[in-house]
Amino acid sequence: CIRDRFSSFRTLVLAMVCSLAGMAGQAEEAGEATLIIDEKSYHFALDAMQSDWSGSADSGSVNIYLRGADDETRAVFLNLSIGFTFFGGQSDAVEIQMMSKSSDGEILRLFGDPATSVVDVQADTFAASGNELTVEGQLSTTLGTSENFGRDIDLSNPLSASGVFSVTLGPV
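Residue 104 in the working numbering sits at position 104 of the sequence shown; the count goes up by one each step and never skips.
Hints are supplied without guarantee of correctness; some may be wrong.
[Unchecked claim] Computed Cβ-Cβ distance ranges for the label pairs, DEER-style:
no. : residue 1 : residue 2 : range
1   : T125      : L155      : 30 to 36 Å
2   : R151      : V118      : 17 to 23 Å
3   : P158      : F87       : 28 to 34 Å
4   : Q138      : A30       : 17 to 23 Å
5   : V172      : E106      : 32 to 38 Å
6   : E72       : S166      : 16 to 22 Å
7   : S129      : V76       : 33 to 39 Å
8   : S103      : G130      : 41 to 47 Å
9   : A30       : F149      : 25 to 31 Å
10  : S129      : L108      : 35 to 41 Å
11  : A127      : E106      : 38 to 44 Å
If you're looking for bench data, these hints aren't it; they were derived computationally from the structure.
Predicted model only: the values in this text are computed from it and were never measured.
C-beta: ideal position from N, C-alpha, C; glycine also.
Given these sequences and hints, build the entire structure.
Take a look at the structure:
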């Protein structure tokens, strides 16, 4: 009995040490974005637990989820989501979403118009290293509300946004 317990404990400790050693060699997932809306800057920080990438250095998909990084941003925008596929350092199938607070406290979901949503990835900063992907880029979009999660976007009161981002992402 004691020998079995010691063996189980030793196996557990060994597994924990191996796990920690593997994490020590990994780059840290981190990043930020700055959006300009109505000539005002808003700052966002990467939420690494909600962000990832899959594929290879040549092609794949990227999901970047950012939260307001300061009180001024969080007073208006709760989050920013940028998704796209890439091939050879070029982005495609861009999706941009935000959650905003109206002046009366109502939460609004804003969706980027696919016709105007652009993510320009800077190819010289697009690099995969081990499991991590580092990418920098610029984005621009016209956002509107939607009753059906972005399938139909109401642009009668559009919000134009442009900005930059720089992130290091872990795999799915």
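- Output the numbers, in ascending order, of every earlier hint that fails for this structure. Of the numbered hints given earlier, the structure breaks none, since each of them holds.
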